[in-house]
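Participant: Chain by chain, the residues run as shown.
Number of protein chains: 2
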Amino acid sequence: MTTSLTPPGRTLGIVGGGQLGRMLAEAASPLGVEVLVLDPTPDCPASAVARDQLVGDFDDPETVRKLAELADALTFEIELADPDAMGRVAAEAGVPVHPSPETLRTIQDKLVQNEWLSDAGIPVPPFQRVDDRADLDAAISEFGYPVMVKARRGGYDGRGNFLVEDEADAADVLAAAPGDVLVEQVVEFDRELSVIGVKGDGERATYPAGENVHEAEILQETVVPARTTERVRERAQAVAGDVLDLMEGRGVYGIELFEADGEILVNEIAPRPHNSGHYTIEGAYVSQFEQHVRAIAGWPLGPTALRDPTVTSNLLGDVESPRHVEPGGLEGVFETPGAALHWYGKREVRPLRKMGHVTVVPTAGEGRETLLRRARELTGGVTYA
Amino acid sequence: MTTSLTPPGRTLGIVGGGQLGRMLAEAASPLGVEVLVLDPTPDCPASAVARDQLVGDFDDPETVRKLAELADALTFEIELADPDAMGRVAAEAGVPVHPSPETLRTIQDKLVQNEWLSDAGIPVPPFQRVDDRADLDAAISEFGYPVMVKARRGGYDGRGNFLVEDEADAADVLAAAPGDVLVEQVVEFDRELSVIGVKGDGERATYPAGENVHEAEILQETVVPARTTERVRERAQAVAGDVLDLMEGRGVYGIELFEADGEILVNEIAPRPHNSGHYTIEGAYVSQFEQHVRAIAGWPLGPTALRDPTVTSNLLGDVESPRHVEPGGLEGVFETPGAALHWYGKREVRPLRKMGHVTVVPTAGEGRETLLRRARELTGGVTYA
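Quick note, the sequences are listed as chains A and B, same order. According to the working numbering, the first sequence is numbered sequentially starting from 339. According to the working numbering, the second sequence is numbered sequentially starting from 339.
Calculated from the structure, these hints are not laboratory results. Glycine included, every Cβ here is placed at the ideal spot set by N, Cα and C. Incorrect hints may have been included.
As the list claims (entries may be wrong) - Restraint-style ranges between C-beta atoms, simulated for each label pair:
#, chain 1, residue 1, chain 2, residue 2, range
1, B, Ala643, A, Pro516, 49 to 57 Å
2, B, Glu686, A, Ala643, 33 to 41 Å
3, B, Asp475, A, Glu673, 51 to 59 Å
Assemble the whole structure, with the sequences as input and the hints as a guide.
Facilitator: Next comes the structure, spelled out in structure tokens:
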């Protein structure tokens with residue numbers, strides 16, 4: 339076993355200090371692992387529970403170098419991390435980066451990601467590279483309307499996606515979309531599923547498939563296990579396992595999938611702990627955040643079995659413009675048995691910004707529908723300003 | 339409801355930065371509460387997950403004042419905290435202290451504590467104040483040998499306790515014991531039980547009774563629920579509830595009890611989260627650490643029901659002299675389903691020092707005996723140097 343971190347006082351450097359970094363630091367502490375974060379925003383969410391924060395841009399080589407020199411291993415919690423800078427300075431400082439910068443580079447380009455999956459025989463929605471209007475027209479004539487034009491880089495939470503429903507949309511989209519794009523057939527899916535996977539040192543594991551409930555293209559709730567058939571859930575886990583086998587480097591991956599007519603297609607991969615995996619903190623025996631630290635350290639992975647059916651609901655800023663956050667309505671969460679609050683400590687609330695989440699587990703055998711209703715009520719009662 | 343802390347960025351100042359402070363900081367983070375700790379040892383266990391550490395003695399008024407000025411509320415995780423200094427500077431800085439310094443002052447003196455409990459009708463082992471040899475002889479003739487002579491202040495984990503079995507011991511003990519003492523009848527108890535209680539804003543709650551298994555007077559394991567009758571467990575919770583009613587100020591209390599012939603006697607009270615309550619992190623829906631933060635903030639308390647039967651086993655330094663810690667044998671903990679590691683990040687291992695703990699919950703309906711055997715095996719496999 340290759341152990342790159344041993345307690346006490348060994349340090350994990352994280353590029354990015356948002357809520358994922360914060361929950362990584364919360365999970366690292368019981369393992370005796372300390373965390374340093376690099377983030378451009380002073381007092382970033384993770385800074386309160388990190389040993390220290392280096393303030394700098396994600397792609398600033400000098401700050402990344404400083405992080406590498408202070409840490410025993412590097413990881414990232416944001417895809418905006420610069421794989422070239424991380425790979426170079428980590429090699430110079432002699433510390434490993436997990437997952438590998440190569441994996442991050444591949445995943446950052448949605449076209450390369452799709453090609454890579456497709457070449458490996460992993461099912462993805464039909465897609466085409468688009469360099470010009472002729473490419474787009476060719477794809478539309480093959481797929482038929484509607485199609486989705488996607489930015490190859492920088493899109494997340496539905497941003498960078500453009501739905502093309504007719505010829506007028508097609509005429510406008512290439513001017514509207516920033517940078518290089520690809521086009522995908524719009525899959526009529528029954529459900530969006532999500533599997534959290536983890537690659538350790540010579541082992542891999544997947545959590546049971548969850549179901550992502552979106553509103554306005556933003557992930558609102560995750561229901562685990564997904565409300566579909568056992569066969570579909572198993573197929574989702576199997577496809578996610580195939581995805582993990584393709585990945586280079588240890589760590590947690592969030593794998594979003596479409597369920598369409600009982601078949602599974604891979605929609606998107608995040609090479610890091612994922613919003614749809616927050617349920618693992620209360621819902622599983624070992625959380626996605628602890629698994630990520632274990633994987634990076636080369637320690638044995640933990641079980642990925644569910645402890646109970648679980649629902650997580652996101653706390654999204656419902657303000658119309660950014661302002662100082664002044665939360666209210668949290669009493670409901672505190673008073674509800676089986677409900678847990680995760681507040682990310684952001685200084686400012688913005689429209690639809692992820693401010694926290696609420697997880698609900700059963701305390702008296704409640705089923706998923708009850709948990710989902712309860713989670714919705716609780717998050718609906720929270721105010722931000 | 340009096341809310342003294344609201345997220346985000348509100349700050350809890352803790353006097354003491356050991357493992358209790360560390361686990362408080364881990365639990366405060368998901369609630370959006372930041373932690374500052376005061377501790378004389380640089381890089382104390384809590385410092386890695388605290389926003390910051392003030393380095394200073396627990397009773398240094400200037401450092402306590404600085405803590406009070408930076409925090410929205412004060413608490414302590416060590417009985418060595420100075421109640422007078424905390425009360426005075428907190429009043430000057432206009433921040434509340436929970437539990438009240440008065441409670442800490444009472445509990446710091448084992449004689450005053452016993453008198454206070456006894457006066458309130460709460461059952462305690464028979465005891466006498468001892469000022470001189472005549473007092474001791476009078477107590478011995480009343481209680482009979484053996485008796486336990488206890489330091490009134492500063493004793494913990496059996497330190498400061500002197501077993502007096504005969505006249506020769508009696509002749510020596512007053513010279514050997516530091517400072518003022520009291521004498522207690524040695525109760526032939528069947529079991530030591532422990533109840534974690536919490537006082538919130540106008541409410542109180544108690545966790546189910548656990549059973550403390552000692553070796554060499556050091557708490558080795560806690561088994562929850564205690565392996566006794568339902569009636570005894572309920573009586574223990576009821577007595578602990580009576581103790582809580584006596585306490586002033588919000589927060590968590592660790593209440594150690596003797597079970598003797600089916601009766602319950604109060605042995606000791608700690609006005610803070612307690613080693614015997616670590617099982618609540620995995621074993622209950624809301625941990626003792628989260629309850630402490632909620633109580634201080636004036637937020638509603640959470641349920642104290644068990645999620646599963648649980649065993650916690652302490653990781654105690656097995657070295658003969660202090661040295662740099664270099665842990666080994668943690669793989670067993672990582673590889674065992676339902677086992678969780680809590681490593682406190684202490685820089686140095688010392689004989690019997692608490693270096694961490696392991697908690698085991700069932701993943702396939704295992705009972706307490708299996709969990710206890712598993713926890714012992716796992717902690718027995720860990721090496722420190």
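Participant: Are the hints correct? Go through all of them and say.
Facilitator: Results for each hint:
1. Between Ala643/B and Pro516/A the beta carbon distance is about 52 Å. The supplied range of 49 to 57 Å therefore holds.
2. Distance hint for Glu686/B and Ala643/A: a CB-CB separation of about 37 Å, consistent with the stated range 33 to 41 Å.
3. Against the hinted window of 51 to 59 Å, the Cβ-Cβ separation of Asp475/B and Glu673/A comes to about 56 Å, which satisfies the hint.
Hint violations for this structure: none, all hints satisfied.
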